[in-house]
Amino acid sequence: MPKPKNKQTDPPRYPLRYLARASLPALLDSLRAAGYRCIGPQLKEGAVVYAELDTVEQLPRGVHDQQSPGEYRTQASEDERYFAWANGPQAIKPWLFAPRESLWQVARDEHGRLRFRETSPQVTPLAVIGARACDLAALRLQDQHFLHGAHPDPYYQARRESLFIVAVQCSHTAATCFCASTGDGPRAERDFDLALSELNAGYVVETGSQRGASVLAALPLAAATAAQRDAARQQSERAARLQTRALPGRNLRDVLFANLEHPRWDEVAARCLSCGNCTSVCPTCFCHAESEQPALDGAHSEHVREWDSCFTQGHSYIHGLTIRAETRTRYRQWLTHKLGSWHEQYGRSGCVGCGRCMTWCPVGIDITEEASAICGEGT
Amino acid sequence: MRRGDVSHPYLLHEAEIVTRVQEAPDIFTLRLRFSAAARQRDYTFQPGQFNMVYLYGVGEVAISIVSDPEDDLLYDHTIRAVGRVTRGMAALRAGDYVGIRGPYGRGWPLPQAEGRDVLIVTGGLGCAPVVSVIHYILKRRERYGRLIIMQGVKHANDLLWRERYAEWARQPNVEVIIAADQGAPLWPWRIGRVTDLFDQVPFDSERTSAMMCGPEVMMRVAVQQLLARGMNEADIHLSMERNMHCAVGHCGHCQYGGKFVCKDGPVFAYPQVKELFGVRGF
Ligand code: SF4
Ligand code: FES
Numbered sequence: 001m002p003k004p005k006n007k008q009t010d011p012p013r014y015p016l017r018y019l020a021r022a023s024l025p026a027l028l029d030s031l032r033a034a035g036y037r038c039i040g041p042q043l044k045e046g047a048v049v050y051a052e053l054d055t056v057e058q059l060p061r062g063v064h065d066q067q068s069p070g071e072y073r074t075q076a077s078e079d080e081r082y083f084a085w086a087n088g089p090q091a092i093k094p095w096l097f098a099p100r101e102s103l104w105q106v107a108r109d110e111h112g113r114l115r116f117r118e119t120s121p122q123v124t125p126l127a128v129i130g131a132r133a134c135d136l137a138a139l140r141l142q143d144q145h146f147l148h149g150a151h152p153d154p155y156y157q158a159r160r161e162s163l164f165i166v167a168v169q170c171s172h173t174a175a176t177c178f179c180a181s182t183g184d185g186p187r188a189e190r191d192f193d194l195a196l197s198e199l200n201a202g203y204v205v206e207t208g209s210q211r212g213a214s215v216l217a218a219l220p221l222a223a224a225t226a227a228q229r230d231a232a233r234q235q236s237e238r239a240a241r242l243q244t245r246a247l248p249g250r251n252l253r254d255v256l257f258a259n260l261e262h263p264r265w266d267e268v269a270a271r272c273l274s275c276g277n278c279t280s281v282c283p284t285c286f287c288h289a290e291s292e293q294p295a296l297d298g299a300h301s302e303h304v305r306e307w308d309s310c311f312t313q314g315h316s317y318i319h320g321l322t323i324r325a326e327t328r329t330r331y332r333q334w335l336t337h338k339l340g341s342w343h344e345q346y347g348r349s350g351c352v353g354c355g356r357c358m359t360w361c362p363v364g365i366d367i368t369e370e371a372s373a374i375c376g377e378g379t
Numbered sequence: 380m381r382r383g384d385v386s387h388p389y390l391l392h393e394a395e396i397v398t399r400v401q402e403a404p405d406i407f408t409l410r411l412r413f414s415a416a417a418r419q420r421d422y423t424f425q426p427g428q429f430n431m432v433y434l435y436g437v438g439e440v441a442i443s444i445v446s447d448p449e450d451d452l453l454y455d456h457t458i459r460a461v462g463r464v465t466r467g468m469a470a471l472r473a474g475d476y477v478g479i480r481g482p483y484g485r486g487w488p489l490p491q492a493e494g495r496d497v498l499i500v501t502g503g504l505g506c507a508p509v510v511s512v513i514h515y516i517l518k519r520r521e522r523y524g525r526l527i528i529m530q531g532v533k534h535a536n537d538l539l540w541r542e543r544y545a546e547w548a549r550q551p552n553v554e555v556i557i558a559a560d561q562g563a564p565l566w567p568w569r570i571g572r573v574t575d576l577f578d579q580v581p582f583d584s585e586r587t588s589a590m591m592c593g594p595e596v597m598m599r600v601a602v603q604q605l606l607a608r609g610m611n612e613a614d615i616h617l618s619m620e621r622n623m624h625c626a627v628g629h630c631g632h633c634q635y636g637g638k639f640v641c642k643d644g645p646v647f648a649y650p651q652v653k654e655l656f657g658v659r660g661f
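Heads up: the protein sequence lines correspond to chains B and E, in order.
Mapping the first sequence onto the numbering used here, position 254 (from 1) lands on 254, and the numbers just tick up by one.
If you count the second sequence from 1, you need to add 379 to reach the numbering used here.
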């Protein structure tokens with residue numbers, strides 16, 4: 001195992017602290033006192049999902065996850081840890097880019113006059129606890145997509161601006177994880193307010209923002225000892241080491257577009273159900289469809305958007321013609337966009353290595369395997 | 380921190396249909412004016428850009444603006460009733476109201492083409508995006524050189540605006556070439572594919588800009604023909620069509636490889652799209 005390079009970096013702006021596990025409730029209290037609604041991981045119907053978190057008792061204590069293409073299982077254990085799992089089907093994305101959202105309403109009077117009114121997003125400041133490094137990488141991409149263009153999305157923006165992030169450094173990577181190969185994990189290095197490394201009896205706490213520092217102010221913290229800091233670092237290194245999957249390169253754009261007629265597209269299309277599970281669990285997919293919900297009174301109508309997927313029939317519909325009528329071209333759209341066109345659009349790949357698309361694929365299609373088959377191993 | 384109308388990217392503005400013209404059995408033009416006088420006064424666009432046009436209770440569609448950008452009073456949309464929304468719009472009459480947001484996208488490089496010859500290639504039924512170019516140039520005739528209009532239709536009966544073409548052909552320094560795959564009695568134009576007629580209109584490849592819209596198969600053949608006759612790739616511009624929901628680069632439907640047709644297009648210089656042009660499924 002090569003030693004991590006001793007890069008000359010700026011000294012951390014905030015010292016590393018240590019929070020005993022018994023004091024974790026105080027963190028939630030402090031977040032609530034600062035006006036945040038806490039969202040955190042919980043075991044529901046056999047999966048770790050993010051939901052409103054009232055007490056630390058709701059956290060998935062001792063839960064481990066086992067993931068492989070097409071399979072996700074959780075297991076209980078005696079472990080005291082709350083974050084000893086890799087990831088669940090969703091994390092931050094649905095809290096910012098809502099699966100369904102009303103954009104505006106219109107009223108029509110008896111003369112046919114139309115009055116349009118924007119739907120204001122109901123925004124409660126949220127604190128998401130347990131975000132992973134891959135989730136933060138995905139968040140940066142969603143920020144680029146929804147906020148950094150000529151038309152920032154006001155709904156995403158309002159929620160994003162008030163989002164507080166408590167990242168948790170991964171200690172247990174899943175067999176489907178390949179964030180080390182995409183450069184997005186397993187350690188979260190930035191874009192969190194706080195980051196926890198969970199040890200046997202407590203947490204090494206990194207502070208990433210002034211907001212994070214003020215939330216910590218009231219907590220019973222100690223300075224992190226050298227042993228605690230080492231344990232936290234080694235845990236991340238071990239997680240990275242245990243990853244076995246990898247994409248065949250960071251930038252596959254040219255090789256993918258040079259292989260648009262590769263026989264593998266047909267082969268994968270024969271397995272793919274075109275169900276869109278991969279795009280709905282993908283933390284970077286941004287596609288959505290708009291539709292109209294007229295009220296029965298004939299005087300009001302509402303315009304809503306909902307998550308969409310390039311695997312649907314309607315995605316590429318244009319007056320009378322569906323540009324991607326078969327699974328082959330849909331799968332090709334997904335992969336060439338995710339690993340290819342994203343470089344043109346946002347300067348990097350759209351894949352953060354979370355592995356959700358293969359875990360939640362009903363037939364277990366593995367994006368790293370497909371990419372390698374099409375691009376060749378050694379790209 | 381509440382943003383007003385101006386920066387809400389999805390909010391529509393009411394516009395009144397001042398005039399409605401039936402152009403063909405399934406094609407009509409709406410001449411529109413924003414209800415809010417200030418919005419109408421401040422509204423500007425480039426030929427080739429589009430608006431999202433909303434039909435109450437049904438939804439929005441992206442439609443090219445065909446009128447002249449210097450007309451401050453009204454703006455026009457020529458619409459073909461082909462989908463759910465546009466079929467519904469066909470029933471609208473003068474005095475009815477629609478919702479409008481826009482303009483969106485990049486239009487034709489008309490300022491860059493000043494002083495040059497312009498070759499228009501279009502197919503299908505009255506391709507709105509290039510109609511705006513033709514009008515624009517005819518109104519500013521002295522700023523452009525030759526104007527060559529090549530229009531292909533499947534059947535002679537599909538040609539819209541016959542008089543208009545004849546009128547254009549009478550203007551100085553304008554050539555109109557129309558070809559129908561199938562003719563009809565008294566068809567004054569040619570029979571065949573419009574893309575086979577390039578030999579009949581020699582153009583100076585150094586000083587000509589091509590602008591085209593219509594079916595992609597037709598544009599593909601036209602691009603090949605133009606390149607074979609020495610035109611620079613960068614002088615060929617085409618208007619693309621894809622599914623559009625948001626028009627602001629968010630919804631993902633209009634993606635064409637790495638391009639968002641709504642904001643990077645709909646008008647592209649050929650080098651921007653050539654990698655995928657003609658590959659089915661994008
Ligand atoms: S086109 Fe497909 S892969 Fe790309 S963002 Fe949309 S759903 Fe995801
Ligand atoms: S129309 Fe929504 S991204 Fe272009």
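Keep in mind that the hints were calculated from the coordinates and are not lab data.
Every residue gets a Cβ at the ideal spot worked out from N, C-alpha and C, and that includes glycine.
Possibly wrong hints are sitting among the right ones.
[To be verified] Here are some, though not all, of the chain B residues that point toward chain E, as calculated from beta-carbon distances under 10 Å:
1) 257
2) 295
3) 301
4) 318
5) 332
6) 340
7) 345
We went through each hint and held it up to the structure:
no.: 1; hint: 257; in the structure: holds (6 Å)
no.: 2; hint: 295; in the structure: holds (9 Å)
no.: 3; hint: 301; in the structure: holds (5 Å)
no.: 4; hint: 318; in the structure: holds (5 Å)
no.: 5; hint: 332; in the structure: holds (6 Å)
no.: 6; hint: 340; in the structure: holds (8 Å)
no.: 7; hint: 345; in the structure: holds (5 Å)
Going down the numbered hints, you'll see the structure goes against none, and every one checks out.
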